[in-house]
Amino acid sequence: MEKTVIEQRNGVCYVTYSGELTLEVTSQLKERIEQALENEHCRALVMDLSETVFLDSSGIGFLVSLNKKMRQNDNTFYLYRPSTQVRKTLSLVKLLEYFSIAESEEELPEEIAG
Amino acid sequence: MAVEWRLAGWATPEQAREIARKAVAYLGRYIDSSDLLYDFELALTEACANVVVHAYSEDLIGSLELRMRLEPFVAVEFEIANWGEPFWGLLQAEPCPGSPEDESGRGLYIMANLVDSFSFTRKGEKNILWMSKRVKDSLWKRQSSSSETASVTSPTAES
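Protein chains in written order, with the working numbering: chain A, 87 to 200; chain F, 1341 to 1499.
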């Protein structure tokens, strides 16, 4: 069962996503996150994928889209503690270097860390 | 002895994912590597999602069928079929990871990298994606030597 928690603190949007990130959920999830980003100006989006158990190409497209959207507005996007499965899929399509990845709060910039 | 397994459903995002999930659950009876099972699940999810996105027009939901053939201690073969638009573009497409900024178009590259061989064919009205992978002896569960044929057909793969 998928579960999304979206929190906004001090201009940073924290999204925790548990479950499978696939074609089944990406459209709806993208809508929810983009709405949250619009409601309050967020200079950074931190996406916690530690409980994301499966990632397919639709999920990859979703993450790329969020990254582009944030960057276009001079904002930042972090993948936070991606699970083994997420890392495996991203590695397969050679995108591990493309994303900014943080494995702990210490690896996030001070103004972003929760 | 080979084992055959089959499941059909509608080409919706939910049923396509469910078909891939059930196929991998079945494979888990025979294969003892979670890493390899993840690879199969990803390849099958991409193959089934490909049908959902490309085979049928938006106002038409068509069928999707997955067939598996296991030759224990040797190889696994998959056939993913649909009866929608022929995918002529894919017949000659070269798998490519694309640009990092691309938001789509990675499915074929993912599938190609997870199996040993694959092909697209059209037989009559049926489009078939075939994939095959050899699985080394040590990755099979030792009790999986009996012959078996499983066949499940359901218009709602969620049953």
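I should point out that these hints are in silico values taken from the structure, not numbers from a laboratory.
A virtual CB, placed ideally from N, CA and C, is assigned to each residue, including glycine.
Please note that a few of the clues may not be correct.
Stated by the list, open to error - When the alpha-carbon atoms are kept at most 30 Å apart in a straight line, the in silico DSBU-like pairs for lysine-lysine are as follows:
#, chain 1, residue 1, chain 2, residue 2
1, F, K1463, A, K180
2, F, K1466, A, K180
3, F, K1473, A, K89
4, F, K1473, A, K116
5, F, K1463, A, K174
6, F, K1481, A, K174
7, A, K154, F, K1473
8, F, K1476, A, K174
To be verified - Partial list, computed: chain A residues near chain F (C-beta under 10 Å):
#, residue
9, T102
10, D134
11, E137
12, S144
13, S151
Now for the hints, and whether the structure bears them out:
no. : hint              : in the structure
1   : F:K1463 to A:K180 : violated, 35 Å
2   : F:K1466 to A:K180 : violated, 33 Å
3   : F:K1473 to A:K89  : violated, 34 Å
4   : F:K1473 to A:K116 : violated, 34 Å
5   : F:K1463 to A:K174 : violated, 35 Å
6   : F:K1481 to A:K174 : holds, 24 Å
7   : A:K154 to F:K1473 : violated, 36 Å
8   : F:K1476 to A:K174 : holds, 21 Å
9   : T102              : violated, 22 Å
10  : D134              : violated, 21 Å
11  : E137              : violated, 16 Å
12  : S144              : holds, 7 Å
13  : S151              : holds, 5 Å
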